[in-house]
Amino acid sequence: MQNFDVVVIGSGPGGYVAAIRAAQLGFKTAVVEREFIGGVCLNVGCIPSKAMITATHLLHKAQHNFKDMGLNIKGGIDVDMKQLVKWKQSVCDKMSGGVNQLLKGNTVTVLRGDAEFKSSKEITVKSSSGTEAVQAKYFIVATGSRPIEIPGFKFDEKDIVSSTGALAWDEIPKRVVTIGGGYIGLEISSYLRKLGCEVTVVEAQSSLLAGVVDPDCAQIVTRKLDRSGVKLMYGAKAKGQKKVKDGYEVTVEVNGKEENLKADKILVTVGRRPNGDQANLKAAGIAVDERGFVKVDAQRRTYVPNIFAIGDIAGQPMLAHKASYEGILVAEVIKGYNRVYDAKTVPAVVFTDPEIAAAGMTEAEAKAKGFTDLKVAKFPFGANGRAVSMMETEGFVKMIADAKTNVLLGVHIVGPEASNLISEAVLAIEMGARLEDLALSIHPHPTLGETMMEAAEATLGHAIHIIQKPLTSAGKNAHA
Amino acid sequence: MATDVKLPELGEGVTEGELVKWLVQPGDSVKADQPIAEVMTDKATVEVPTPVAGIVKELKFKPGQVVKVDSIMITLDSAGATAKPAASKPTPSATTAASASGGGAATPIKLPELGEGVTEGELVKWLVKPGDVVKADQPVAEVMTDKATVEVPTPLAGTVKELKFKSGDVVKVDSVMLILEGGAGATPKAAAPSPATQPAAATKSAAVTTSIPAAAHLNFGAAQASNGSPIYPPVADSKVLATPATRRLAREMGVDINGMSGTGLAGRVTREDVLGAKGGGSMGAGATRAGAAMPAQVPGVTIPRPAYQGGPGVEERIPLIGIRRKIAENLQRSKQIIPHFTLMDEANVTELVAFRESLKDYAEKNGTKITYLPIVMKALIATIREFPMFNASIDDAASEIVYKKYFNIGFAADTPQGLVVPVIKNADQKTIVELSKEILDLSKRARDGKLKLDEMKGAGITITNIGSVGGTYATPVINHPEVAILGMYKIDEKPVIKNGQLAAIKVMNYTVTCDHRLIDGAVAARFMKSFLERIQNPGRLMMDMV
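Quick note, the sequences are listed as chains A and B, same order. Numbering of the first sequence is given in our numbering, commencing with residue 1 and proceeding in unit increments. Numbering of the second sequence is given in our numbering, commencing with residue 1 and proceeding in unit increments.
No lab work stands behind these hints: they were computed from the structure. Watch out, some of these pointers could steer you wrong.
Said to hold, decoys possible - Below, simulated DSS-like cross-link-like pairs (lysine-lysine); rule was C-alpha separation at most 25 Å, straight line: (1) 367/A <-> 239/B; (2) 404/A <-> 31/B; (3) 121/A <-> 31/B; (4) 282/A <-> 239/B; (5) 57/B <-> 282/A; (6) 239/B <-> 375/A; (7) 375/A <-> 404/A; (8) 31/B <-> 118/A; (9) 239/B <-> 369/A; (10) 57/B <-> 378/A.
Just so we're clear, the structure is a prediction, and the values are computed from it rather than from any experiment.
All chains, please: the whole structure from these sequences, using the hints.
This is the structure in structure tokens:
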């Protein structure tokens, strides 16, 4: 029997962060992990997919931009998929190993195995080497989520796969049917297409990323996917599949009519479900809602006062950075500090081509919040010197502000490095910045970051590098 | 195992509800989330669910009763119910204060605890500068707390490397004030600070926890529903404009920034607004608003800055800091919160004057001199025994009236630094001679700025003796959270017609200024009448002796 102050179940970006902060605060801390240190994010999620996206982005540039730049590659580029996957794995291993080091350095005990609650004070950790009882004053449930399986498409993680299986393919499949046009499906489909794969995306709704990102942003990505040769099917439902001689036949229903799609591999990315059904949460008295989320309050405390839940299992959005924020929050709440989840915005990033990133409200959300009078404007990457020199001019920065106060409410970016640009917007929103604050901060030239300043100016009605109409009356007269 | 189910938060600003009816009976088996009662708030009638399953053991209220948020509604017996654990009360483990910084390198010196309930102080001035060599226990700064300026010593010796604040800054208890370098001139003490040589630091990790007792207590109460948790202050709405650091400060200080009208650009709630709101004391009572930086600030009102009056030297600007700022804040708060009214009357003190004259020799023999103040104090104590609401406070946060069973009497003292109110503790248990001596001692030390913080706290009611300076009548300001202040004025001779004859009597004016929330005008009139009876007949005071 081992005894701890704090035991964290799950070592993903929520769990390991919570464990480190708890240890920093002086608690005797353990983290339980049944699979990979670092969880889905570091091993079969965010990090490996970004490795693949980076590599295929470079490939794509070499194939499409190099010639214009006078860079000629003799004989074309040969993709060694086995080496690519090996390199991707080395990236994951480096990150996971780093987390392991951090845990060790902070004297966090790592317990390997499956955790199960016995009571609100005790769990067992079951591994191949036996079952051990572990007691703690506090537990932090950070057990995450898993891909949703749909009827007729049981994962074998070889041919019919979730994101986990797709990231492990060490040969480029010829034909892939992706069921679900959400962000995970589109990220993987995009890079598969760049590897030369024929991809069909089967989306049940009438547009991609519907309700997930700003519709204008989704439109840019949709156009590019379409142009790159990804086949997009809307209002389409995957009914089933059968094995045929040369692969699979996927039956899809569109507008009441059935259609069969040929595929070598089937990728199912219809979302993720929280692991509320695991770890025997009931034995501790933890309440789980009908979707599998653990019910928590603003401090991420469950119904049981000494048990907290963070990350995917604690509710939407299921994003690593939200989990990490909650991990720190909970460790400090346990310490006795008065803390709550009060971040104004959780930024969201989609690593499509081009990338989409958002912080704060969409126009619809702002209206729903009671901001009746909005200022909205876009600044295109086509008018930004750095974007032009990178040959990546698709997209824009869109800003939404309260017209009464010019306080920034939302920023939606689609374009190169949107993922890196959005942090400025997050800070601005958290600080309650006004458009003038962004516009009057000197942004270095020539950078993509200038688009933030220019978008703020555009929203104020006077960007320098685009022509905004109507001009003021003086301007009009001057041009008359 | 029994589990208490408390009334969860019912909505923003709702602190209580009336129990309309029970939906369960003792013996009933309930599931988690099952409604157990109907409770009516001023906005709506709502069904209150239980967060945990169990068997109803006891109902704590009857329909029609008003139930406060967070009070226990029912007790559940969880034995036999689905294995929901009882709501145990984990205590935040008081482990491990941050490990002391080792070696002889830079050592941060933090602001120690300055007194019970004191969470911050204003830096009045530094007594050291970078490069100075300091000894352990040497005062390094003057810090102004609630009412007093105290000298803050360093627990360690060393060389001052860096000062972290400027005069006028508000420094929170436990924040790093200055950095000492343990090297040159440091005594061995400094090399490896141990808990023994660092008493201030040692008490601090406790101070951090105790500075938020209310919230911490609530958090560790019974099992909370995800939407019924008594987290205070409530989570800031996304519409509130305040930086993350300011939001955290507000939380740590127990200030609800929702609905607060900030003084910053576009209504931004600033750090100063939060500090000012805390100065307001009561939580979420609507009276907690801006003002630390500008004591004259009224919520939601922009005060025009005084116009510049012309050429150089015409005006002088000095920072509003120190005791003067505390006075400004305290009095502004009092006026914001308390609806004041003042009742005035005149006493025939002919006998009182004679009485005091008769005591002169006796007092001199006992090494003191008797003023009117201790006698008035005795008369006041006897009168507030009869009218206990004059020795009470209103706890705005809890919506409760606090009646005090002790008799601590404050008296306003005019000092070179400004108004100070020393307090005589348990004045009812002291003789007039003892009171006289204590008044003289406290007054002298008040003038010298040597009062301890503790000697200015805990008054139940205050007397202002402005008449010793001049003036016929005044309308004093109550020393919040007290609810009354007695004013005494100068003694005059006055002709009266008595039995058809012209006679000279001595008169003295008195005022009683009251918190009208608690004390009605008629009550104040009766109080004054009873008090004057005692003042006019010093012999009557004998009847009040306990």
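We went through each hint and held it up to the structure:
Straight-line distance between C-alpha atoms of residue 367/A and residue 239/B comes to about 12 Å, which keeps the hinted pair within the 25 Å bound. Only pairs whose Cα atoms come within 25 Å are accepted, and residue 404/A paired with residue 31/B is rejected, the gap being roughly 48 Å. At roughly 22 Å between alpha-carbon atoms, residue 121/A and residue 31/B fall within 25 Å of each other, so this suggested pair holds. With a CA separation close to 37 Å, the supplied pair residue 282/A and residue 239/B exceeds the 25 Å bound.
About 23 Å separates the Cα atoms of residue 57/B and residue 282/A, which keeps this hinted pair within 25 Å; it holds. Restraint check for residue 239/B and residue 375/A: the C-alpha separation of about 16 Å stays at or below 25 Å, so the hint holds. For the hint linking residue 375/A to residue 404/A, the alpha-carbon distance of about 9 Å falls within 25 Å, and the restraint holds. A distance of roughly 21 Å separates the Cα atoms of residue 31/B and residue 118/A; the hinted pair therefore holds under the 25 Å criterion.
Restraint check for residue 239/B and residue 369/A: satisfied, since their Cα atoms lie roughly 8 Å apart, inside the 25 Å limit. In summary, the hint linking residue 57/B to residue 378/A is not supported, as the alpha carbons are separated by about 62 Å, beyond the 25 Å threshold.
Consistency with the previously given hints fails for numbers 2, 4 and 10, ordered from lowest to highest.
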